[in-house]
Amino acid sequence: MNNVSHHNIVLTVNGKDYSLEVASDRSLLDVIREDLHLTGTKRGCDKGDCGGCTILLNGRPVNSCLLLAVQANGQEITTIEGVAHGSELNPIQESFIKHGAVQCGFCTPGMILMALSLLGENPHPTREEIQEAISGNLCRCTGYVQIIDAIESLAQASK
Amino acid sequence: MVSFDYIKPTSLKSLIRDLAQVKSEGAILAGGTDLIVRIRSGLTTRRVLFDINDLQEMNGISNEGDCLRMGAAVRIQEVADSNVVRNSAAILSLAATQLGSTQIRNRATLGGNIVGASPAADMVPPLMTMGARLRLQGQQGDREVLLENFIKGPGQTSIRTDEVLTDIIVPKLNGGCQSHFLKIGRRKALAISVVNMAGWIKADQTGLIEDVRIVLGAVAPTAVRAGEAEAFLKGKRPNRAVMQEAARMAASESRPISDIRGAEQERRLLVEVWTFQLLQRLTK
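First to last, the sequence lines map onto chains F and V. For the first sequence, the working numbering gives the first residue as 387, with consecutive numbering after it. For the second sequence, the working numbering gives the first residue as 585, with consecutive numbering after it.
Hints were generated in silico from the structure; no laboratory data involved. Some hints here could point you the wrong way.
What the hints assert, rightly or not - Below, a list of computed lysine to aspartate or glutamate pairs in the EDC-like style, where the Cα atoms sit at most 20 angstroms apart:
#1 F/K402 x F/E474
#2 V/K818 x V/D795
#3 V/K597 x V/D635
#4 V/K772 x V/E728
#5 F/K402 x F/E480
#6 V/K772 x F/D435
#7 V/K592 x F/E474
#8 V/K772 x F/E514
#9 F/K433 x V/D635
#10 V/K868 x V/D746
#11 V/K772 x F/E518
#12 V/K868 x V/E856
#13 V/K592 x V/D602
#14 V/K786 x V/D746
#15 V/K592 x F/E462
#16 V/K818 x V/D843
#17 V/K820 x V/E856
#18 V/K868 x V/D843
#19 V/K772 x F/E515
#20 V/K786 x V/D650
#21 F/K433 x F/D416
Said to hold, decoys possible - What the simulated footprint calls covered on chain V by chain F, stretch by stretch (three residues with Cβ under 8 angstroms from a Cβ of chain F suffice, anywhere in the stretch; the number is not a length):
#22 680-691
#23 727-739
#24 779-786
Unchecked claim - Sample of chain F residues lacking proximity to chain V, with all beta carbon distances greater than 12 angstroms (derived):
#25 K402
#26 R419
#27 G434
#28 T440
#29 N459
#30 L475
#31 C490
#32 G496
#33 E518
#34 R526
#35 D535
All residues carry an ideal CB built from backbone N, CA and C; glycine is no exception.
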C-alpha cells in the first residue's frame, strides 16, 4: 500500500533556487544526488553514522540522509559544489590538496564542509577542537592526520 | 518497502487531533536521527509522519526561577550551546556535547531522546538525576509525569497514541551540589553509550554526604537509580573505601545485557570503575 504524497518544494542550493516535486518519503540526500545531480554529497551509510552525506542546512552541518527533502523546503543548503568559487578553489580545498588529505576522496566533501563550518565559527581552533569538529566524519584511507594538518594550517594561517 | 506520508501540522491542536485519528499508524518526526533510521531498516513502520520541528509550543529554553523549561523540539546542540543550561544544569550540557556527532546534534531533539527511550539514551540519566518532569498533551488534555516513571522499557514509555511530549521541566539543583555526567563508548563520537551515568552529591561543610543521586544508563532496560549505593553513601564521609563499596553496589544493582557493544561482565566492571570515578569527581 502506497502512503506517499507529493509536495512542491523550493530548495535554495548553493545560492540557486530549485523548484521540485518530491515524494514524502525521499531523503534530502536522494534528491540532491538524483534530482539535482549534485553528486559531490555521498551516500556512505544512509543512517547518520559516517558523515559522508554532510551538507550545511542554513549554515549548520547535518546528515542529509536523515532529513526528508520536504523538510528542507524553503531552506538554504550548501553542498561541496558550493564551496569553490567557479574554478577558484577555497583555501580549505587548497590546503587539503597540499597536505595530502585526499586519498579516495569519498569523505572529502563532508570533511571540507565540517572544516568550513568550524573555521566560520572558530577561526583559530586547537588541534583538539579540529578533531572534535570532524569526529562525525569517518575516513577509511588517511588515518585523519593529514586532514587535521590541513585544517590546522588554516587555523594558524589566519592568526 | 519504505513508504510514508508527511504532514507538517501548523498547530499543536491540529497535531493532537490528527494523532488521535491515526493512532499508532502515525509517528512524530522531530530530528529524525533515530526514526528515519528505524523506518529505513524496517524496524518501524508508520503510515504518516508529523513534523513538529517548527511548532512554537515545543521550542525554546527558558529560565523559570527554580526550574528550567525546555521544549521537546529543542535541538541537542541548542542544549549544548545554552548558557542558561550550562549555569543551572551543567550535566545536561555535558551529556548534550557528547551525544552522537555535530551533525546529529544539529537535528536530534531532547524530546526524541526521551520518547525514543533507548536504554542508552544520553540525556535520560542527567534528566532523571535532576528529577525532570515531562508535560504531555493529548486529546484528553495535559498531564505532567516524572521522567523516572515515564520510561517503561527499551523503546517503551507511557505516552498514549494521541499524546505528544511538549515540554521538559528540570528543577535546578541546590547550590552546594556537585554534579557530573560521564559517557563510556567504543568511540569518542558517533558512539552509543556502553555505560553512561549522572549523579550529584550534596555535602555539608565537613564533607559529610547529606544527599546523593546516581543514575546509570545503558546497563538495564531503562536508566536506573543506584538506590542501594545512594542509601549507603548518605551520612557517610566519602573516603576511598566508602566510594569503592558504593561503586561495587552500583555494579551489582545494574542489569546489563551482552550485546555487540559489550558483554554483561564488561559492563558491570565498567559500572564499578566509572561509578568510583564519578564519586571522586563529585567529592573533589
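Checked hints:
Annotation: proposed proximity of F/K402 to F/E474 holds, straight-line Cα distance about 19 angstroms (limit 20 angstroms). For the proposed pair V/K818 and V/D795, the alpha carbon gap of about 6 angstroms is at most 20 angstroms, so the pair holds. Note on V/K597 and V/D635: the hinted pairing holds, with a Cα-Cα distance of about 14 angstroms set against a maximum of 20 angstroms. Restraint check for V/K772 and V/E728: not satisfied, since their Cα atoms lie roughly 35 angstroms apart, outside the 20 angstroms limit.
At most 20 angstroms may separate the alpha-carbon atoms for a hinted pair to count; F/K402 and F/E480 exceed this at roughly 25 angstroms. Restraint check for V/K772 and F/D435: satisfied, since their Cα atoms lie roughly 13 angstroms apart, inside the 20 angstroms limit. Restraint check: the Cα-Cα separation between V/K592 and F/E474 comes to about 40 angstroms, which exceeds 20 angstroms; the hinted pair is violated. Restraint check for V/K772 and F/E514: satisfied, since their Cα atoms lie roughly 12 angstroms apart, inside the 20 angstroms limit.
Restraint check: the Cα-Cα separation between F/K433 and V/D635 comes to about 19 angstroms, which is no more than 20 angstroms; the hinted pair holds. For the suggested pair V/K868 and V/D746, the alpha carbons sit about 47 angstroms apart, so the restraint of at most 20 angstroms is broken. For the given pair, V/K772 sits about 9 angstroms from F/E518 by alpha-carbon distance, which is consistent with the 20 angstroms threshold. Among the hinted pairs, V/K868 with V/E856 is consistent with the structure: their alpha-carbon atoms are about 19 angstroms apart, no more than 20 angstroms.
The suggested pairing of V/K592 with V/D602 holds, with an alpha-carbon distance near 11 angstroms, which does not exceed 20 angstroms. Under the criterion of a C-alpha separation no larger than 20 angstroms, the hint pairing V/K786 with V/D746 is inconsistent with the structure, at around 40 angstroms. Taking the CA atoms of V/K592 and F/E462, the gap is near 19 angstroms; set against the 20 angstroms cutoff, the hint holds. For the proposed pair V/K818 and V/D843, the alpha carbon gap of about 34 angstroms is over 20 angstroms, so the pair is violated.
Only pairs whose Cα atoms come within 20 angstroms are accepted, and V/K820 paired with V/E856 is accepted, the gap being roughly 19 angstroms. In summary, the hint linking V/K868 to V/D843 is not supported, as the alpha carbons are separated by about 34 angstroms, beyond the 20 angstroms threshold. For the proposed pair V/K772 and F/E515, the alpha carbon gap of about 13 angstroms is at most 20 angstroms, so the pair holds. Taking the CA atoms of V/K786 and V/D650, the gap is about 17 angstroms. The hint holds against a cut of 20 angstroms.
Annotation: proposed proximity of F/K433 to F/D416 holds, straight-line Cα distance about 13 angstroms (limit 20 angstroms). Coverage of the stretch 680-691 of chain V by chain F holds. Counting CB-CB distances below 8 angstroms, 7 residues qualify, and the rule asks for three or more. Counting residues of the stretch 727-739 of chain V whose beta-carbon sits less than 8 angstroms from any beta-carbon of chain F gives 0, not enough to reach three: the coverage restraint is violated. For a cut-off of 8 angstroms, the count of residues in the stretch 779-786 of chain V with a CB near a CB of chain F stands at 0, and the three-residue condition is violated.
No beta-carbon of chain V is positioned within 12 angstroms of the beta-carbon of F/K402; the least distance is around 23 angstroms. Look at F/R419: its CB is around 16 angstroms from the nearest CB on chain V, clear of 12 angstroms, so calling it non-interface holds up. Look at F/G434: its CB is around 6 angstroms from the nearest CB on chain V, not clear of 12 angstroms, so calling it non-interface is violated. Listed as outside the interface, F/T440 is inconsistent with that label: its C-beta sits roughly 6 angstroms from the nearest C-beta of chain V, within the 12 angstroms cut-off.
At roughly 9 angstroms from the closest C-beta of chain V, the C-beta of F/N459 falls inside 12 angstroms, breaking its exclusion from the interface. Separation of F/L475 from chain V is adequate, the least Cβ-Cβ distance of about 24 angstroms exceeding the 12 angstroms criterion. Every C-beta of chain V lies more than 12 angstroms from that of F/C490, the closest at about 20 angstroms, which supports listing it as non-interface. At the 12 angstroms boundary, the C-beta of F/G496 falls inside the reach of chain V, the nearest C-beta of that chain being 9 angstroms off.
Residue-level check failed: F/E518 sits 7 angstroms from the nearest beta carbon of chain V, not beyond 12 angstroms. Non-interface call for F/R526 relative to chain V: holds, since the shortest CB-CB distance, roughly 14 angstroms, exceeds 12 angstroms. Against the 12 angstroms criterion, F/D535 stays outside the reach of chain V, whose nearest CB is about 19 angstroms from its own CB.
Hints 4, 5, 7, 10, 14, 16, 18, 23, 24, 27, 28, 29, 32 and 33 from the list above are not met by this structure, while the remaining hints are.
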